[in-house]
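Residue numbers (numbering that gives the first Met the number 0), protein chains in the order written: chain F, 0 to 796; chain W, 0 to 451.
Since the hints were made in silico from the structure, they are not lab data. Hints are not guaranteed to be accurate.
As the list claims (entries may be wrong) - Simulated restraints on C-beta separations:
hint: 1; chain 1: W; residue 1: T181; chain 2: F; residue 2: E470; range: 13 to 23 Å
hint: 2; chain 1: F; residue 1: Q145; chain 2: W; residue 2: K217; range: 34 to 44 Å
hint: 3; chain 1: W; residue 1: R44; chain 2: F; residue 2: W59; range: 49 to 59 Å
To be verified - Cross-link-like lysine to aspartate or glutamate pairs, in silico, EDC-like; alpha carbons within 16 Å at most:
hint: 4; chain 1: W; residue 1: K71; chain 2: W; residue 2: E306
hint: 5; chain 1: W; residue 1: K13; chain 2: F; residue 2: E487
hint: 6; chain 1: F; residue 1: K568; chain 2: F; residue 2: D536
hint: 7; chain 1: W; residue 1: K13; chain 2: F; residue 2: E63
hint: 8; chain 1: F; residue 1: K623; chain 2: F; residue 2: D577
hint: 9; chain 1: W; residue 1: K167; chain 2: F; residue 2: D163
hint: 10; chain 1: F; residue 1: K620; chain 2: F; residue 2: D581
hint: 11; chain 1: F; residue 1: K568; chain 2: F; residue 2: E534
hint: 12; chain 1: W; residue 1: K13; chain 2: F; residue 2: E483
hint: 13; chain 1: W; residue 1: K71; chain 2: W; residue 2: D96
hint: 14; chain 1: F; residue 1: K623; chain 2: F; residue 2: D581
hint: 15; chain 1: F; residue 1: K621; chain 2: F; residue 2: D577
To be verified - Some chain F residues flagged as far from chain W (calculated, every beta-carbon gap over 10 Å):
hint: 16; residue: I21
hint: 17; residue: P188
hint: 18; residue: E452
hint: 19; residue: E464
Even glycine gets a Cβ: it sits at the ideal position worked out from N, Cα and C.
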Amino acid sequence: MGHSLALRQVAGDSLARMREIISALGSRGPTAPRGRPDEVIAALHHIPAREARWATMPQWVRAELASAYRSKGIERLYTHQAEAAEAVRAGRNIAVVTPTASGKTVCYNLPVLNAILENSDTRALYLFPTKALAQDQLAELHDLGQRLENRFGVFTYDGDTPADARRAIREQGHIVLTNPDMLHAGILPHHTKWTRLFENLHYVVLDELHTYRGVFGSHLANVLRRLRRVARFYGRELQFICSSATIANPGELATRLTESQVEVIDSSGAPQAEKFFLFYNPPVVNRYLGIRRSYIGETSRVTQEFLARNLQTIAFANSRLHTEVLLTYLRQANPVAPGQPDKIHAYRGGYLPGERREIERGLREGTIRGVVATNALELGIDVGSLDAVVMAGYPGTIASTWQRAGRAGRRSGSSCAVLVCSSAPLDQFMAHHPDYFFGRSPEHAHVHPDNLEILVNHLKCAAFELPLTAEERFGDVDLAALCERLEEAGYLHRTGTHWHWTQEAYPADAVSLRAVTSDNFVIVDITDQPEVIGECDFPSALTTLHPKAIYLHQGQQYHVERLDFEQRKAYVKSVATDYFTDAIRYTQVRILETSEAARAAAHAERAHGDVLVRSQVVGFKKIKFFTHENVGAGKLELPENEMHTTSYWVTLERQLVESLPCSVSERQNGMYGLLYALESVATLLLMCDRRDLASAIGERPPSPGIQSEWEGSLETTGQLSEFFEPNLYLYDAYPGGIGFSEPLFRAHELLMQQTQDLISSCPCERGCPSCVGPAGERGERTKEAALAILNQVRAQE
Amino acid sequence: MQTTERFARIAALKPTRQRVALETPPVRSEDGDRLAQLVGGTVERNRYGQHLLVRRWYAQPEACEASPDALKLLLSPAHGRARTASGSSWPPTAIADTAQWLFLDTETTGLAGGTGTYAFLVGVAWWDSGGLQVEQFFMRDYDEEHAVLEALNQRMAARRVLVTFNGKAFDWPLLEARYTMTRAIRPRVPAAHLDLLHPARQLWRLRLGSVRLAELEKHVLGGDRLAWSRQRDIESWLIPQIYFDYLRGVGSHLDLAGVFQHNQMDLRGLAALTGRVMGLLNDSSAFPCDALELFGLSRMQQRRGQEARAQRLYERAIHAGLPRQLDASARRQLAILARRQGDYDHAARLWQQLLEAGETSPQDLRGLTKAGFSGIQRIEAYEQLAIHFEHRVRKPRRAIEYTRAARLELRRALRLGLVELARGRKLLAQVEHRLARLERKGGQIGRLLERP
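All chains should be built: construct the whole structure from the sequences, respecting the hints.
Rendered as structure tokens:
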């Protein structure tokens with residue numbers, strides 16, 4: 000049960016209402032008596048109200064700007080806003096880290112607008128991770144602009160900007176709101192058209208900094224290298240103003256992205272209303288298999304508890320499909336008279352801007368009582384504050400969970416946030432370790448800007464933008480050597496001290512900041528007239544679009560007729576089958592170089608270094624829906640995929656393996672179960688997408704230095720070979736590595752401890768999808784064996 | 000780990016193309032001079048350094064005249080948009096002074112644009128001594144770019160009207176970017192910029208489909224009779240690679256010489272085409288024009304508000320014999336012009352002619368695509384006639400007949416998928432609405448008026 004139950008200390012109406020709901024939630028589901036570990040309310044956290052801390056408007060703020068803010072009701076600043084404004088004024092780079100709805104836009108708009116009013120040549124570039132956020136800021140700045148007699152120009156510049164408006168934006172935009180992708184492919188390669196902007200560019204605002212992590216963050220760091228380089232060409236050094244949700248290392252992240260000294264401002268002066276935060280864990284319906292009641296259905300019921308009491312509520316789902324399902328459930332539960340507007344709406348990507356604005360307004364004005372949203376609403380879109388937030392499943396990171404929860408929070412009265420846990424390991428980990436969530440943020444955002452694959456792609460773009468010289472610095476690499484290499488490959492030509500671009504192609508087109516590779520497969524539906532229905536990245540294509548696979552797209556099943564590797568096309572036909580397919584992949588890892596190794600226990604070692612991962616889809620299984628029976632299989636001959644990347648690994652030495660109190664097959668099952676749990680916890684610690692990390696088991700090479708034959712493992716059960724001295728690998732699923740291995744190596748003890756917590760606190764008996772993987776697939780005693788291995792790995796000498 | 004080993008694994012470092020086997024053996028660089036010899040050029044020097052200059056005079060094409068009226072047609076913005084900075088700061092009379100004209104065409108390292116695309120060969124030309132003087136500035140390496148841009152500036156200072164083919168969208172913005180990249184040389188902004196691409200499209204796309212310069216030379220300027228031959232011209236898509244190969248010292252100088260010749264021909268073609276366009280715009284009756292040219296010309300006149308001229312040209316075009324669909328278009332334009340002038344009876348006659356001329360049988364419709372479907376014009380004609388007979392002639396029964404015909408045609412088009420669904424349905428709703436009203440009216444007044 001949650002540690003911080005503080006119900007006693009609070010009184011009042013709102014509390015009574017919340018208490019009513021909480022007790023209603025507690026009594027809805029379980030048949031089990033209270034106080035059991037599987038009680039549905041896994042945690043109840045009370046956040047008391049907090050008064051605002053104020054600071055006066057700085058003296059240097061121009062009168063007209065102060066009065067514009069005053070007319071919006073802002074007469075003085077929260078302490079963190081004043082601190083941020085002063086730091087920017089003094090020329091320092093800053094990262095503001097404060098909760099949702101703490102007025103962070105003032106932190107950058109105030110000093111930037113003041114500078115523009117002082118000198119109308121001043122220019123600023125605002126980068127937002129999504130177009131919708133830029134639109135939202137545009138509205139805010141237009142509002143300020145009107146109060147300032149439109150003395151500055153603000154424009155969004157993105158893929159939707161009409162061609163004939165672009166010229167005006169380039170000339171007249173004091174503040175240009177855009178996204179990293181547009182900066183990368185639309186602005187930097189055409190910087191000569193933006194002379195006016197670059198010659199006067201002072202400020203770069205990076206909003207939602209925590210979203211720039213992993214591959215995307217590593218790309219962004221390189222885009223910013225290019226931006227600084229182009230700015231220097233026009234004689235400008237840039238000042239960065241960042242804002243971020245709460246993570247453990249905002250300063251480090253900002254410094255790595257901007258490659259500049261950044262001051263962190265993280266003491267919020269904003270007031271906070273009283274709030275309850277609940278973790279709701281759907282009741283277990285099958286203890287043996289560890290199956291819980293559907294979290295989507297439960298989310299709908301929890302949301303309905305709030306709506307029924309006329310509390311304005313947002314329900315968050317993690318996929319578009321779930322958004323639609325929830326919307327259907329909730330509309331059924333809240334019918335409206337014919338001709339009346341719906342009170343429940345969905346809000347997700349793919350809606351037109353007009354529709355979105357309409358919903359945002361409905362929420363602010365209260366005509367809309369409920370919204371089902373994807374993460375499109377998680378970032379700083381202004382919809383006012385609501386009474387309750389219900390999340391269907393853990394959003395993947397603690398930071399985004401808090402951001403979503405921040406959508407609830409009336410200035411007066413209480414609000415409530417509920418996390419409805421799914422059976423996924425991370426959700427169950429949270430349900431059983433609320434302290435981990437409510438304590439200090441453990442999440443580190445990692446980037447690896449010097450990943451050579453990424454860096455070289457941006458170096459090409461940089462050369463396109465301005466000739467390169469050997470004296471320049473572009474990341475921590477030997478630039479001259481790289482340029483020579485690019486010259487040999489025909490991309491550059493050296494003239495005197497400069498390398499010039501010598502390709503017809505426009506290099507930015509070949510680099511996508513978001514996708515892991517830009518090498519996508521197009522999915523063509525040939526049921527009738529050929530029609531493109533989607534795209535799929537290369538690694539996923541191998542496992543989901545192999546010939547004879549059943550591919551699921553928007554709930555429709557397709558049979559893959561043909562996979563054309565040359566043309567990067569998959570031809571599919573619409574079918575209705577009662578099975579789905581699961582690819583069997585053969586993965587082999589070879590250690591190329593160990594960067595660091597250390598003893599983990601008497602008979603276990605931990606290490607990280609460079610590896611070569613070879614994987615091949617060798618077959619597939621047909622699995623029947625619902626019963627999950629194996630109803631067939633097939634062999635496949637697909638090309639091998641080879642990737643050089645970085646990995647963290649744990650070696651279980653022979654003595655350890657042999658001392659385990661289990662049979663050979665139980666041992667093997669235990670290793671796979673342990674790896675499954677390790678991977679889950681690692682994604683939690685690394686704050687990364689599940690797809691960014693992968694795992695494999697392989698026999699340790701006989702002795703260091705000697706390259707063994709390939710030792711591999713089949714990612715499926717029943718065909719396990721015996722390992723005598725296995726390495727458990729967690730590797731970066733991106734060529735060249737994305738910087739996860741070393742942090743994992745450093746966090747080894749924490750990783751082991753939390754994996755142990757995850758497995759041992761899981762109420763299932765023999766393993767389930769929430770801990771070591773589904774019992775049915777793993778076999779008997781998997782959970783026990785995994786715990787036994789963990790005990791040994793953690794045993795000190 | 001070894002750097003080289005590491006590099007070997009980076010996909011982004013892999014060469015993009017298989018090296019094509021070269022027909023001619025590579026020539027190593029003792030270079031500039033050999034090339035200069037081959038293309039007949041000299042090494043020039045200005046305050047930014049050296050570059051290669053090729054100078055040639057051609058008796059053909061011959062110089063042309065330009066009238067201020069013709070220039071107005073060329074200069075006034077095609078879509079009513081505001082004049083751009085490089086539009087025209089001079090009055091048409093000044094621009095008509097052909098001594099101020101500078102033809103320009105560049106050869107570049109790519110077509111994508113952006114700051115990494117270079118104009119390695121800049122060709123200019125002007126009328127001189129009754130013929131065409133051509134000059135080409137070439138950078139033998141990237142470090143000669145400044146000198147090339149400076150040389151161009153000098154020519155542009157002497158002649159202030161820029162004449163190009165697609166230069167407004169491509170060559171000139173690219174050169175502007177190059178000037179900005181120098182951070183030292185400011186471009187000499189032309190007083191006016193005449194771009195022949197749009198007029199060429201309006202005049203000839205209907206006939207030729209494509210209006211690439213080489214196509215125009217062949218079909219509009221009389222191909223074989225030209226003083227130059229494109230027979231051994233290089234493919235323009237090869238040009239960037241020829242230059243890159245030259246830079247690396249692996250290319251053939253002969254190929255590069257081919258690029259110089261290509262550029263010379265483009266400049267001569269541009270000059271000749273300018274003469275042809277000026278001739279048409281100055282006085283189309285003096286030129287033997289075909290129906291399609293006349294049609295294109297009339298559209299140009301109409302877009303620029305020269306309605307009377309447009310009307311005459313449409314009539315000449317119809318007279319000269321247009322293909323069915325364009326004939327319908329021409330009659331439609333004439334009908335619209337007539338209506339605007341208040342000559343409703345004439346407009347009605349034209350709509351009727353349009354219907355008679357283009358009677359489509361169901362067989363004709365088969366295999367038609369949306370783009371090739373002229374039915375929309377027919378439906379419009381029926382509608383216009385319905386309006387005419389309802390409101391002006393006041394014969395509701397005739398109006399009903401035309402509306403029914405429109406409905407029939409529209410339904411057929413919808414069934415065959417020849418109109419976009421949304422548009423077709425919207426039109427159909429309009430037609431049904433009119434029909435309902437007419438039938439109501441017809442029920443009351445029609446019986447009284449029309450029945451004996």
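Please flag the earlier hints that this structure goes against, numbers listed from lowest up. Violated hints: 2, 7, 17, 18 and 19; rest satisfied.
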